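**Student:** In case you want the letters, here they are:
Protein chains: 2
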Amino acid sequence: MIVQKKTFRIPEFKLQSGSVLRDVAIGYETFGQLNADGTNAILICHFFSGTSHCAGRYRESDPEPGYWDAIIGPGKAIDTNKFFVISSDVLSNVNARVATVVSTGPSSINPQTGRVYGSSFPIVTITDFVDAQKKLVDSLGVTRLHAVCGPSMGALQTFEWTARYPEFFDRAMPVIGPGLSAEPYLISQLQQWCQPILDDPDFQNGDYYGTGREPLRGLAQAFKLITFTALHQNWANRLFGRRLAHDGDPLQKLNARFAIDKHLDEAGALRAQTCDANAVLRIARANQLFSIEDRKDRIRARFLMIPSATDLLMTPQMSARGATELRRLGRQVDVFTIEGDGGHLDGLNLIGQASEAIRAFISS
Amino acid sequence: MIVQKKTFRIPEFKLQSGSVLRDVAIGYETFGQLNADGTNAILICHFFSGTSHCAGRYRESDPEPGYWDAIIGPGKAIDTNKFFVISSDVLSNVNARVATVVSTGPSSINPQTGRVYGSSFPIVTITDFVDAQKKLVDSLGVTRLHAVCGPSMGALQTFEWTARYPEFFDRAMPVIGPGLSAEPYLISQLQQWCQPILDDPDFQNGDYYGTGREPLRGLAQAFKLITFTALHQNWANRLFGRRLAHDGDPLQKLNARFAIDKHLDEAGALRAQTCDANAVLRIARANQLFSIEDRKDRIRARFLMIPSATDLLMTPQMSARGATELRRLGRQVDVFTIEGDGGHLDGLNLIGQASEAIRAFISS
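Going down the list, the protein sequences come from chains A and B.
All residue numbers for the first sequence refer to our numbering, where the first residue is 730 and numbers rise by one.
All residue numbers for the second sequence refer to our numbering, where the first residue is 730 and numbers rise by one.
To be clear, the hints were calculated from the coordinates, so they are not data collected in a lab.
Between beta-carbon pairs, the in silico distance windows are:
| hint | chain 1 | residue 1 | chain 2 | residue 2 | range |
| --- | --- | --- | --- | --- | --- |
| 1 | B | 747 | A | 930 | 36 to 42 Å |
| 2 | A | 968 | B | 787 | 43 to 49 Å |
| 3 | A | 967 | B | 749 | 37 to 43 Å |
| 4 | A | 981 | B | 1085 | 44 to 50 Å |
| 5 | B | 930 | A | 746 | 31 to 37 Å |
| 6 | A | 746 | B | 838 | 52 to 58 Å |
| 7 | A | 1081 | B | 939 | 57 to 63 Å |
Far from chain B, some chain A residues (derived; all Cβ distances over 10 Å):
| hint | residue |
| --- | --- |
| 8 | 789 |
| 9 | 804 |
| 10 | 864 |
| 11 | 1086 |
Here are the simulated BS3-like cross-link-like pairs (lysine-lysine), alpha carbons at most 30 Å apart as the crow flies:
| hint | chain 1 | residue 1 | chain 2 | residue 2 |
| --- | --- | --- | --- | --- |
| 12 | B | 864 | B | 743 |
| 13 | B | 1025 | A | 982 |
| 14 | B | 864 | B | 735 |
| 15 | B | 982 | A | 863 |
| 16 | B | 982 | A | 1025 |
| 17 | B | 743 | A | 982 |
| 18 | A | 1025 | B | 991 |
| 19 | A | 982 | B | 863 |
| 20 | A | 864 | B | 982 |
Values in this document were obtained by computation on a predicted structure and should not be read as measured data.
By construction, the Cβ of each residue, glycine as well, lies at the ideal position given by its N, Cα and C atoms.
The following block holds chain A by itself, in its conformation from the complex (with noise of 0.2 Å):
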């Protein structure tokens, strides 16, 4: 399955904030064909680190396919024969320096000064990420979307969709998600994550674009912690036990490390080469201001909800949390539990063991 990225213009685009961004571009991708009376349509929205890139692959030759390519094709649990599949970046997304990411975000220049955003960019928020969404599914002729999913930031998206614009569709499939709200210990969580940007002099409050220094040490580290934080014990002893890194004897060396610990490491280091520090900042606070709580009355889906039972970020007590409450507001809420020992990122990685759950309330 290739796909193509498209970029969606919004002239002028009001944020929660109050700020206004001009000139916005959303990326997206699609999937399948839209039918006659526009009501086929699957929105997917993308996890933190993600991008719209849910499925499928750009070119033959790309060696891995989208991250949930093993639910979303033809045939497969979310049917491209069947539905049309539509993903978008959210602004300020973190891959600044994909090139198939061209969604606006601090490194983007601002058409109002001729300059890079930098420190100027606004705050973003999920409702500002759904709200893009809603006027570029208006766009494509969707006239009733038939599901919102997505996985952990898709899933806050999901939750957010379901206060926001309740009666535009009534399939809520939240993955991998809290509850109603970033839960204190989740902010706090998203915190550190931002903390090596804001600690790293090269971060120079933000605005770091053509002098010459990134953060990209503090970036790097960030990545490191959102990585860790996104497993869990077993896979660690499943992968790694007290394997050094064979760079010194942590006897003796303060600097040597453990084979788990260079792991990550490389992993955070790889993904500061493609990602921006100030979006990251900007999507952690995205995260940390969600909450429907107050908007919970409005809500009219149906939701399947799918933890992932080793995940120490969104855990599976958070999202029990959310389907009682749901539950208590009449709504009704299937669950099915991804077991692995991938934490978090089983979410993605193991997927698949969703696919029959994901069929049936799909078509039901």
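Given the coordinates of chain A, work out where chain B should sit on it, guided by the hints.
**Tutor:** What follows is chain B alone, placed relative to chain A:
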């Protein structure tokens, strides 16, 4: 119960790394009286950021007693009317700027050079801590310990005692401990605590003493991470919810905080005032290096293991893996689980829950 801090000196102490420290000071305190044949002593080993001060007060006016005062004292589970309780600071104790902490560490003067150790202070291990304790209890006239106990890093020392001096005692009580080694996820967690120190420009590779610059910002951030990891989502929900810190609107200002983060920032900054960054790095490494897997056949002790149900750091699952392994080796293992919402810290704050189990174990 008023207690006095005393100092034990070791003229020459060979470490596991091969390094030799001279004129080593070990701070300690004792409660109760040693019996005539020297067999009623119980050793208490302290946690990562703790000291020998496990019970009582140094002065009547002290606002708080030692950390396990709920179970150590006259008539308590560890009854100082019957037992002689000994507790000592580990080498490189992190609380280097607390007046009662005299143990040799990186901020001590190296008697061989007349200058502060700084970066030249060697890596120390749980084995070293236990060897120093053995010398201390020998010096006090203890012929055989009645029990060895301790929370968190104190549990690591307790396990190490069972493998290193198996004939010297029968009862081991590791509280909120891991299994028989530091698992890789824990190893990486410990490294993350260290990272803000290593990344602080004021760290100066560990030779910051007397330069007028100390890595206090990195140290505060390290203690923020430590405190966060030692707690639990339920604790955060109960105490903070999504309240703001009242230092600005997080929808408008990137540096505006939620209440939980302000609390953790302040907790971290407070600890940074009395702790030493080099010492934190060495204590973290000592935890990372902990393993008795290759010596587990030597173990003879009976165990009372006390995990905390909500512990996210040294999880009940890690503790259970240790219990399974010990039973497989033919050891008797009783388990008492502390129930609370305070995570790892419940092993300190709610230890009173285990009073009767401890009393029965100690007298059995």
